[in-house]
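**Student:** Could you slot chain B onto chain A? The hints should help.
Residues per chain are reported as follows:
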Amino acid sequence: MRSQSRPIRRPLSRPVSRRSVQGLLAGAVLVPLAGCDLRPDATSPTPPPPTADERLVDATAAAIRTARDVAARVPEGRALVGVHEAHLTALGAPSASASPSAPAAPAPADLRATEGGLESTLTDAATRASDGALARLLASMAASVAQHLAALPNPKASR
Amino acid sequence: MSTSDEPLQTALAAEHAAVYLYAILGGRTSRTTAPALYADLRRAYESHRASRDQLQSLIADAGQQPVGPEPAYATPHGIDATEGIRRAALALERSCVETYAWLVSATDDAQRSWAINALRSGAVRELGFRGTPETFPGIHELADHS
Numbered sequence: 001m002r003s004q005s006r007p008i009r010r011p012l013s014r015p016v017s018r019r020s021v022q023g024l025l026a027g028a029v030l031v032p033l034a035g036c037d038l039r040p041d042a043t044s045p046t047p048p049p050p051t052a053d054e055r056l057v058d059a060t061a062a063a064i065r066t067a068r069d070v071a072a073r074v075p076e077g078r079a080l081v082g083v084h085e086a087h088l089t090a091l092g093a094p095s096a097s098a099s100p101s102a103p104a105a106p107a108p109a110d111l112r113a114t115e116g117g118l119e120s121t122l123t124d125a126a127t128r129a130s131d132g133a134l135a136r137l138l139a140s141m142a143a144s145v146a147q148h149l150a151a152l153p154n155p156k157a158s159r
Numbered sequence: 001m002s003t004s005d006e007p008l009q010t011a012l013a014a015e016h017a018a019v020y021l022y023a024i025l026g027g028r029t030s031r032t033t034a035p036a037l038y039a040d041l042r043r044a045y046e047s048h049r050a051s052r053d054q055l056q057s058l059i060a061d062a063g064q065q066p067v068g069p070e071p072a073y074a075t076p077h078g079i080d081a082t083e084g085i086r087r088a089a090l091a092l093e094r095s096c097v098e099t100y101a102w103l104v105s106a107t108d109d110a111q112r113s114w115a116i117n118a119l120r121s122g123a124v125r126e127l128g129f130r131g132t133p134e135t136f137p138g139i140h141e142l143a144d145h146s
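Chain order of the listed sequences is A and B. Residues 1 to 159 in the UniProt record's numbering are what the first sequence lists, from first letter to last. Residues 1 to 146 in the UniProt record's numbering are what the second sequence lists, from first letter to last.
Excised from the complex, chain B in its bound form:
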């Protein structure tokens, strides 16, 4: 098990941002005219909120103070239309997957298993935002997408 909670704190900071941004994206998506996208955003929001809570527990269980969210985060450009929202969600999910891939390398044992599962879940979730299967998801330097 890790002797430092710093990698988990970094992942938690990313989850705070993801929860905030998915709430923004969901709020800009019509449940009536884009029900599938709305449902995917809703599922992603709930999944990241669960990950945030799990990370907070892991850090607190280690006797550390979990980092809190920033007051606000920069919102992506071009999220006035459905396609822009979908692109923003895909980019957000990819950045989270990259963070979890890094977390895998920085942890071991139960924490690493948790990170591997988060990496897998995020990579599959990308497909809901019209992502295509990649050869090395989460490893930017080996990425096969632009």
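If we strip away everything but chain A, and leave its shape as in the complex, we get:
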């Protein structure tokens, strides 16, 4: 059981405050900055290795960026680009792609496959996150991708 503030038996209550999410975001941003001191100092302590949740966020952000790049090249995927950008921002992850070159435009079926894969990745990450607030954020992102997938035009219906 996580030590987590909870609503008082009110299903309509707001479970985790914005501050929690922002704190999560700030944590994700501050950790990389801690290693950015340009002055060489032999006495500086070695930065601690990334936590399991930080590694999880990094891997998840990479999957989101890949999906964002695929969505950007398919007309049906335009709405998803903004969603993926917002998800990267919430995770405190940079949005720039690792590979700036744009390969050939993928087919709509590729968009569905990529988004379906991302939904699975996000679901798995939500399951594994140690921090409850991070788990909630990742699960919400997975649900968002599921909603957008369900709202995509049905390829069979348009034939």
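Just so you know, these hints were derived from the structure itself, not from any lab. Check the hints yourself; a few may be wrong.
[What the hints assert, rightly or not] Sample of chain A residues facing chain B (criterion: CB under 10 Å; computed from the structure): (1) Pro50; (2) Glu119; (3) Thr127; (4) Ala139; (5) Ser144.
A quick note: this is a predicted structure, and the numbers were derived from the prediction, not measured. Just so you know, even glycine gets a beta-carbon here, dropped at the ideal spot from N, CA and C.
**Tutor:** Coordinates of chain B only, in the frame set by chain A:
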């Protein structure tokens, strides 16, 4: 696995309310003049009833007494017409999704997996009540709908 059943009890209380209210909404919807809405309400009712039963089992398996339903719940305003019923169903589904998002944060392991699945199912079900895809379903402070 959780050492307390309190988060599950909170979710169960929400499901009791959802089952009650979907029964009300279904009872006010004409199967003849609004068949699609009726079917969506019926599916939502059955889904929430299944979730209620699963939560009761999870809590009972942990050796706890599942909370029971309230005798009655406040019914939403404006459910005399089809559009009001649809709006009420959307609001109800969103409140359940919010509860499940919270449950994700308050549980782990199998219980969290269950909550993640419930969150996803509810978020997709919203679309049947003319909900639009959201950026952060279930997280009210990041919501992109009014």
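**Student:** For each hint, tell me whether it holds in the structure or not.
**Tutor:** Evaluated hints:
Hint status for proline 50/A: violated, given a least beta-carbon distance of 21 Å to chain B, over 10 Å. Nearest Cβ of chain B to the Cβ of glutamate 119/A: about 8 Å, under the 10 Å cut. The hint holds. A distance limit of 10 Å between C-beta atoms decides the matter here; for threonine 127/A the minimum to chain B is near 6 Å, and the interface restraint holds. Annotation: alanine 139/A was flagged as interfacial toward chain B, and the flag holds, the nearest CB pair being 4 Å apart, inside 10 Å.
Satisfaction of the interface hint for serine 144/A is found here, the shortest Cβ-Cβ separation to chain B being roughly 6 Å, below the 10 Å cut-off.
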